[in-house]
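Residue numbers (the working numbering), protein chains in the order written: chain U, -10 to 395; chain D, -18 to 458.
Any given hint could be a false lead.
Stated by the list, open to error - Pairs of lysine-lysine, DSSO-like flavour, derived with a Cα cap of 27 Å:
no., chain 1, residue 1, chain 2, residue 2
1, U, K118, D, K241
2, D, K446, D, K416
3, D, K446, U, K118
4, D, K242, U, K118
5, U, K113, D, K416
6, D, K196, D, K358
7, U, K292, U, K251
8, D, K380, D, K113
Source of the hints: derived by calculation from the structure; they are not laboratory data. In this text the structure is predicted, and so the values were computed from the model without any measurement.
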Amino acid sequence: MAAALQTAAPLRASSNLGANSERFRFGSLLRSPAGRKGSLLVVKSDGRHSVGFNTRLRGGNLIANAVAAKSEASAKSTDSKPGHELLLFEALREGLEEEMDRDPRVCVMGEDVGHYGGSYKVTKGLATKYGDLRVLDTPIAENSFTGMGVGAATMGLRPVVEGMNMGFLLLAFNQISNNCGMLHYTSGGQFTIPIVIRGPGGVGRQLGAEHSQRLESYFQSIPGLQMVACSTPYNAKGLMKAAIRSENPVVLFEHVLLYNLKERIPDEDYICCLEEAEMVRPGEQVTILTYSRMRYHVMQAAKTLVNKGYDPEVIDIRSLKPFDLYTIGNSVKKTHRVLIVEECMRTGGIGASLRAAIIDNFWDYLDAPILCLSSQDVPTPYAGSLEEWTLVQPAQIVAAVEQLCQ
Amino acid sequence: MAIWFLRSRLAHHLGQRIGSLDALKLSSWASSLHPWIPPSLDSSDDRYASKFLRNPMDLYAARRFRSAKAQESVPVVTDGSNQVMDFPGGKVMFVPELRFLAESPGERISCYRILDDDGKTISGSSFQEVSKEIALKMYSDMVTLQIMDTIFYEAQRQGRISFYLTTIGEEAINIASAAALTIDDIVFPQYREPGVLLWRGFTLQEFANQCFGNKLDYGKGRQMPIHYGSNRLNYFTVSSPIATQVPHAVGAAYSLKMDKKHACAVTYFGDGGTSEGDFHAALNFAAVMEVPVIFFCRNNGWAISTPTAEQFRSDGAVIRGQAYGIRSIRVDGNDALAVYSAVHAAREMAIRESRPILVEALTYRVGHHSTSDDSTKYRPVDEIEHWRTARDPVSRYRKWIERNGWWCDDAESELRSNVRKELLHAVQVAERMDKPPLAELFTDVYDQVPSNLREQERLLTELIKQHPGDYPPEVPV
């Protein structure tokens, strides 16, 4: 498989390498039909695209499921391998539990996290084990329990604040922006806020507009915050642990549809670096940057792309603030073409900032304008078909890569 | 006096019983309260009164408007036709009469006071005794606070600092409440409580450093003047938005409860702050979680230009405590001894019983809201003058300590001139000191300076090197 890639790829890649890159930098702009219009591949809500595109995709043959299937093999066959298998929400819980065991200052607060076990069962069983003071059920006031978390953090506790849905944390925006992000700075370093704010976000299955918020775009300009997005059970557990151990306030974005992903993770203690991106699939031809659920759409598209003879490099950026420009930069220097696939809305999303960062730092290495696929600037509709069309689908990713590589 | 003791005992009694609806035990307390009945429904028939009194949950919901008189008995009439139904939260009794709880009780909640306007203790009053040493420290700190406010306000008017906010009229609240706390109690202030810091040992030089934002400021020049903060003195850095500190205090109290420390969290806010959403949720949380926190409301009559009549329609802030299940007290904020006693008792209750307490101190904001405000635009000048002179808490307290033979005119003038001299010197020193270096613009955003901020720092340093004339000289690069 890899060998076939190697033979197919150089035919396209070599023309872009080395001394020819200058010639092709503007050449590709002139040649591509979308070049003059701008570097955006606009996806309209009815599925039409500004680039000549396969109309078969409208309505019919869409790949709706980008969530990895559950267990494939029986339990017996997997016993011999090291590590243990679990679902993503269990991985989060395991990470949380290990940290609570390790450090008695870690506590959890949020709505229904205690006896109910959390709306997505991330904190199930913790209240029974640690008592309902350490796993605290709060009344419904996001601004206030986030504020409570800030106050507790200044006293040395390490609270993990759960928003039942990320969208509700908009009610906590004041505490997150004016206090979490700021108090370490305005107090001259006297008070630290080692708080973790987490919750499920992203577009789910017909959850309606208010429950389908993508807050990473709203929070990204708050100074003092770190933001990470998990996408697999491995990095969910690792990021949870790293976030709890961090001295800075960290917002951990989980995705509603990824909680049931299954993966085998190591038994030993491990953490994932908060500022690091994850190389999902190395490649030579085009860099696809993505995070959270879109990773799975991209991987699905990657399969199609590989079959068509492309060699995409897929990076799950994981760290939304700050961006891991080291990994991203190395990739851009290698492939010279970037496609960003995000679930945020077009305006002011993570893709917009990432694009600016790449242009600022790696302009000379780019052979084509950076393409960014994102959701439209509309509230997420309830109707299933409309909801599908607000998200970037694998077929659009394939088309974008084809356009980039012309 | 007796009322206060009685109320706390009864309230304690109630607090233990409220979940169990033991009607028999409550009836003695219950019978001493008279819920207000609308005139249209009032009848001299005793049955109406007794129906209200029989069910404890009804009573808890009914407004207290008269002070409780001990053991006043009301005949309880049994009426077999009334039914009790089990709803979530407890049993509730049905009444067939259409009756609304009044929006306001006939009488306002009474106010705890010890010193009268002449500085004489009111006969029969009960209060926490203060030693001569504490009493004198309280007075000298109140005077220091007054002078500090005057001098810094003048400094702002002279353009030497950009902003200031005075505490004139609320010195008793600041100092007396601080005196009743210990250094282990963590304070979450709004912004009109520098007296608490002063009491705890923040020096005049440290105050000046923060106002001038020089390199010795603990906040490293990052906040406006009067946004003091000191982790050493357990005083949380002031944050401008109103009432955001109230849930912080609940969180800190939660942490203290977990650690089983013999300390409480204290938070201050004004009458305007009680309108913020954070206030309501924080009080609710504190009550549900049973954490040791004191909510201190400085009801000074004005939220910039909004008088309390336009801020809320309830009987001040104290009446709201009961709505959240919080023990509360109203106290005369210009009476230093009353504030001291109330906070002392509140602290003890909060820690011993792990419960929140709401203290509302009635006072008056004599100064303008801040240096950006001219309050004569929205309130009469003679009102301000009346409160500045006739109702001044400092002079009232002074009369009391003079009566005790602990103070005299000579001591007064000596204190005032010393403080003034020290302050002026501190201001001069602070003004001349260098500002924090440029590097401090980028530190403490995170625990370690990340690469993007280092890059931004490098760019800025280069820019300043290229155009030195365009940048202020007293900021070291």
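How the hints compare with the structure:
no.	hint	result
1	U/K118 / D/K241	holds (20 Å)
2	D/K446 / D/K416	holds (18 Å)
3	D/K446 / U/K118	violated (59 Å)
4	D/K242 / U/K118	holds (23 Å)
5	U/K113 / D/K416	violated (51 Å)
6	D/K196 / D/K358	violated (38 Å)
7	U/K292 / U/K251	holds (20 Å)
8	D/K380 / D/K113	holds (14 Å)
The structure fails hints 3, 5 and 6 (numbered hints given earlier, in ascending order).
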